[in-house]
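Chemist: Position chain B against the provided structure of chain A, taking the given hints into account.
Those sequence lines, one after another, are chains A and B. Position 77 of the first sequence, counting from 1, maps to 77 under my numbering, and the rest follow consecutively. To convert, count from 1 in the second sequence and add 342; that's my numbering.
Hints may be right or wrong, so weigh each one.
[Unchecked claim] What the simulated footprint calls covered on chain A by chain B, stretch by stretch (three residues with Cβ under 8 Å from a Cβ of chain B suffice, anywhere in the stretch; the number is not a length):
{"hint": "1", "region": "243–252"}
{"hint": "2", "region": "261–269"}
{"hint": "3", "region": "278–287"}
[Said to hold, decoys possible] Stretch-level coverage of chain B by chain A, calculated; a stretch enters the list once three of its residues show a Cβ under 8 Å from a Cβ in chain A:
{"hint": "4", "region": "400–411"}
{"hint": "5", "region": "599–605"}
{"hint": "6", "region": "610–623"}
[Stated by the list, open to error] In silico EDC-like pairs for lysine to aspartate or glutamate, Cα to Cα no more than 16 Å straight-line:
{"hint": "7", "chain 1": "A", "residue 1": "Lys187", "chain 2": "A", "residue 2": "Glu208"}
{"hint": "8", "chain 1": "B", "residue 1": "Lys389", "chain 2": "B", "residue 2": "Glu683"}
{"hint": "9", "chain 1": "A", "residue 1": "Lys176", "chain 2": "A", "residue 2": "Asp146"}
{"hint": "10", "chain 1": "B", "residue 1": "Lys529", "chain 2": "B", "residue 2": "Asp546"}
{"hint": "11", "chain 1": "B", "residue 1": "Lys407", "chain 2": "A", "residue 2": "Asp220"}
{"hint": "12", "chain 1": "B", "residue 1": "Lys605", "chain 2": "A", "residue 2": "Glu208"}
{"hint": "13", "chain 1": "A", "residue 1": "Lys305", "chain 2": "A", "residue 2": "Asp200"}
{"hint": "14", "chain 1": "A", "residue 1": "Lys92", "chain 2": "A", "residue 2": "Asp112"}
{"hint": "15", "chain 1": "A", "residue 1": "Lys263", "chain 2": "B", "residue 2": "Asp538"}
{"hint": "16", "chain 1": "B", "residue 1": "Lys516", "chain 2": "B", "residue 2": "Asp546"}
{"hint": "17", "chain 1": "A", "residue 1": "Lys65", "chain 2": "B", "residue 2": "Asp562"}
{"hint": "18", "chain 1": "B", "residue 1": "Lys649", "chain 2": "B", "residue 2": "Asp538"}
Hints were generated in silico from the structure; no laboratory data involved. Ideal Cβ placement from N, Cα and C applies to all residues, glycine included.
Protein chains: 2
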Amino acid sequence: MRQTSDMSTLNRQYRLAARPDGLPRRTDWTFGEEPVRDPADGEVLVKVILVSLDPAMRGWMNEGKSYVPPVALGEVMRAIGVGRVVASRNPKFAEGDFVAGMFGVQEYAMVDGKGMHRVDPALAPLPKYLGVLGMPGMTAYFGLLDVGKPRPGDTVVVSGAAGAVGSVVGQIAKIKQCRAIGIAGGKAKCDYVTRDLGFDECIDYKAEDVRRALGERCKDGLDVYFDNVGGAILEAALARLALHARIVICGAISQYNSTTGMKGPANYMSLLVHRASMPGMVVFDYAARYKEAAADLAGWLAAGKLKAREDIVAGLDNFPEALLMLFSGENTGKLVLKIAEE
Amino acid sequence: MRQTSDMSTLNRQYRLAARPDGLPRRTDWTFGEEPVRDPADGEVLVKVILVSLDPAMRGWMNEGKSYVPPVALGEVMRAIGVGRVVASRNPKFAEGDFVAGMFGVQEYAMVDGKGMHRVDPALAPLPKYLGVLGMPGMTAYFGLLDVGKPRPGDTVVVSGAAGAVGSVVGQIAKIKQCRAIGIAGGKAKCDYVTRDLGFDECIDYKAEDVRRALGERCKDGLDVYFDNVGGAILEAALARLALHARIVICGAISQYNSTTGMKGPANYMSLLVHRASMPGMVVFDYAARYKEAAADLAGWLAAGKLKAREDIVAGLDNFPEALLMLFSGENTGKLVLKIAEE
Chain A
1 MRQTSDMSTL NRQYRLAARP DGLPRRTDWT FGEEPVRDPA DGEVLVKVIL
51 VSLDPAMRGW MNEGKSYVPP VALGEVMRAI GVGRVVASRN PKFAEGDFVA
101 GMFGVQEYAM VDGKGMHRVD PALAPLPKYL GVLGMPGMTA YFGLLDVGKP
151 RPGDTVVVSG AAGAVGSVVG QIAKIKQCRA IGIAGGKAKC DYVTRDLGFD
201 ECIDYKAEDV RRALGERCKD GLDVYFDNVG GAILEAALAR LALHARIVIC
251 GAISQYNSTT GMKGPANYMS LLVHRASMPG MVVFDYAARY KEAAADLAGW
301 LAAGKLKARE DIVAGLDNFP EALLMLFSGE NTGKLVLKIA EE
Chain B
343 MRQTSDMSTL NRQYRLAARP DGLPRRTDWT FGEEPVRDPA DGEVLVKVIL
393 VSLDPAMRGW MNEGKSYVPP VALGEVMRAI GVGRVVASRN PKFAEGDFVA
443 GMFGVQEYAM VDGKGMHRVD PALAPLPKYL GVLGMPGMTA YFGLLDVGKP
493 RPGDTVVVSG AAGAVGSVVG QIAKIKQCRA IGIAGGKAKC DYVTRDLGFD
543 ECIDYKAEDV RRALGERCKD GLDVYFDNVG GAILEAALAR LALHARIVIC
593 GAISQYNSTT GMKGPANYMS LLVHRASMPG MVVFDYAARY KEAAADLAGW
643 LAAGKLKARE DIVAGLDNFP EALLMLFSGE NTGKLVLKIA EE
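Only chain A is shown next, with the shape it has when bound in the complex (with noise of 0.2 Å):
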C-alpha cells in the first residue's frame, strides 16, 4: 500500500451541531477540518467524489427512534456518497477502486468497507450510481412491485414524480403495463414527466387541484399510491382510491421540517371505505436482492426504457443550501453535491 495521506491533508467535514427546529439551517452543523490518517488493518480511505442528498436527511438529524439511529450530535453528517479507494489495508479494495458507500459529508470516508461496494464509471456515470443505480432506483423498485404490487392495467399514481425516486416509479410502472400518472410543482417538471420520462399524465400541485385533477383523470380510482410527500397530497389520494388499492409510505417530505408536528391524513378512514391498505417501506430491508433489482435497472437504462437526470451542485461548501433545494422543489432528478474531480 502507498501512503497517499500525511497529517498535511486535511479532511474537510460538515459535522451535526443542533437538532433543527424546521428547516435545517447552516448553523446546525459545524463545518471543520482534521488530518486525515493513514488507514489501520481492514480499513479503508476514500475520497469522496459525490454526496448524495437525500430527504431521509432531514429525518436523521432528528432526536429519536426510527428505522436508523439518528446523527449523533458532533458525528459527520451522514449521506451516502461515491468515491475513489485513496489507500486501503482491506484485501476487498485496492486503491483506484470507484466505490459507493455511506461516507458522510466530507472530503475523505475511513470506513472498515461493510455496505460499500465497487461501482463502475465505464457502465455508468458515477452520479448515476446515486440515482436510479443507487438508493432512489431500489426504492422506487422494491417499493413499487414488492410492496405497491401493481399488476397490468393498474392506475400507479406518484407523487415527487419529477424527483429521484417518484421518476423511476412511475417509469416502471410503464415497463409493467401500468397507467402512471405522476404529481410534480410546476409545468417544468410536469413536461419532463410526461414528454421525458413517458409518464401518462402529470398533475402540477402548484396550479391544480390534486384531489379534483386525480378525480378527472383516474375515473375508476388509483390501484397504487407511491407517497413521497405526505400531507395534502396524500389526503387528495386517498380520496381517489380504487377497492383493494396499495398506499406505499415511502416518504413525506411535506412533513419533515414541520415546527408544528406532523400531521396524519383526516381521511384515513377510506382505506376501510375501499378495502385498502397502506404499507410502509425502507429500502434497507432488501439489501440482499439490490443485485437483482440493479440488473433490471440498467437493462432498462440500457435499453432506453428507463431515463434518469442528476441534478448537480458543485462545491462541498454549499452543503446546507443544496440540501435545502430537496424542500423547496428546485430540483428535478437525483440531487447530488459534487465535492471534487473524478
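Modeler: This is chain B only, laid out in the frame that chain A set:
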C-alpha cells in the same frame, strides 16, 4: 298464508329527517306511523323484536360515498334486527320463522328476503344473533384472522375491548395462542375484559396514559392492533408497533361525531419505521364465509371459550338516546334495543 295485518295495524318507525352535525339528536329523525300492508308476491313481513345499535349507523347518516350508500332523508333509519315472520309470500320463509336482516328502526319490516337468514332461538338467545353470532362477531372473526393475521405468540391489542367487536377480537386472539391486551374506558369495563373475558391485560384509557401503558405492557411492541376508535388511541398504538405490525382499521368511533372534521394519526410514518401496514376492512366482503365463522364462534361459545354479553335497552321510543350510549361509552357488550317480546 294467513292474513296477519290489516289497515288497523300500525308500524311505528324512525325515519331520517336531517344529517346530524356532531352527535345525533332526537330531531334528526321523525317518529311516525303508517299502516302495515300485506306482503306482495315474494315479500316477507317481519315483526321486529330486537334492533341492533352499531357505531356504523352514525356513518350511514352522513351524506356522501362510503362502503354502503347513505340512508336517504325520509328513509327508515337503517339497522340490523332480529324478528319473526308474521306473513310470507316468499317460499324461503314461513310464518313463525325467526330471522335476522336489515330491518330498520321500526316495528314491522317488509322485505324481499335477500340477505335475511333464519336464526334458531333454541341454539342461542336471540340477542346473541346481533352480537357474537351476528355482524360484530363476523367483524371480529374476519378482521382479526383474515386481515390481522395473528401468529401464535403475537401481542394483539384491541380498542373498544368491552364492546361488541373488541370483546370477541381479544377472546379469539387468546384462542389462537396470542397475548391479548384490551383498551377500554373505566375500571368496571377493564375488570370485565380481564376477569370475565380472559384478556391478559386491559388498559383504562380514562385513567392511564395509553402510550405509556402500551410501552410498559408490550415491551416488544404490538404485532396486531385492531382499531375500533381512531384518534389518540390509534396514535398511541402506532407509537408502539413491532416490526411488520398490522393495524386493522375497523372503526373510528372517537371521530364519527367530530364537528371539526376527522383527525388522522399524526405519527402514521411509524408504518414506514416499522414496515407495518394499515389495512381497512368491511365485514360485508366476507358474506360468503359467514357460515364458517358462525360455526367456529358457536362452537367456542358452546365450549365456554368465548363469552358475550348484551346490553339491552327496552322500547322503540328510546332509540335516539340508546344510540348515543355507544358514543358516551355507556354500554358494555353488544348494545341492543328491544322493541317487542319474542
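Chemist: The structure should be examined with respect to each hint, and the outcome stated for every one.
Modeler: Quick rundown of the hints versus the structure:
no., hint, result
1, 243–252, "holds (count 4)"
2, 261–269, "holds (count 9)"
3, 278–287, "holds (count 6)"
4, 400–411, "holds (count 3)"
5, 599–605, "holds (count 3)"
6, 610–623, "holds (count 14)"
7, A:Lys187 - A:Glu208, "holds (11 Å)"
8, B:Lys389 - B:Glu683, "holds (10 Å)"
9, A:Lys176 - A:Asp146, "holds (13 Å)"
10, B:Lys529 - B:Asp546, "holds (7 Å)"
11, B:Lys407 - A:Asp220, "holds (14 Å)"
12, B:Lys605 - A:Glu208, "violated (24 Å)"
13, A:Lys305 - A:Asp200, "holds (14 Å)"
14, A:Lys92 - A:Asp112, "holds (10 Å)"
15, A:Lys263 - B:Asp538, "violated (39 Å)"
16, B:Lys516 - B:Asp546, "violated (20 Å)"
17, A:Lys65 - B:Asp562, "holds (14 Å)"
18, B:Lys649 - B:Asp538, "holds (8 Å)"
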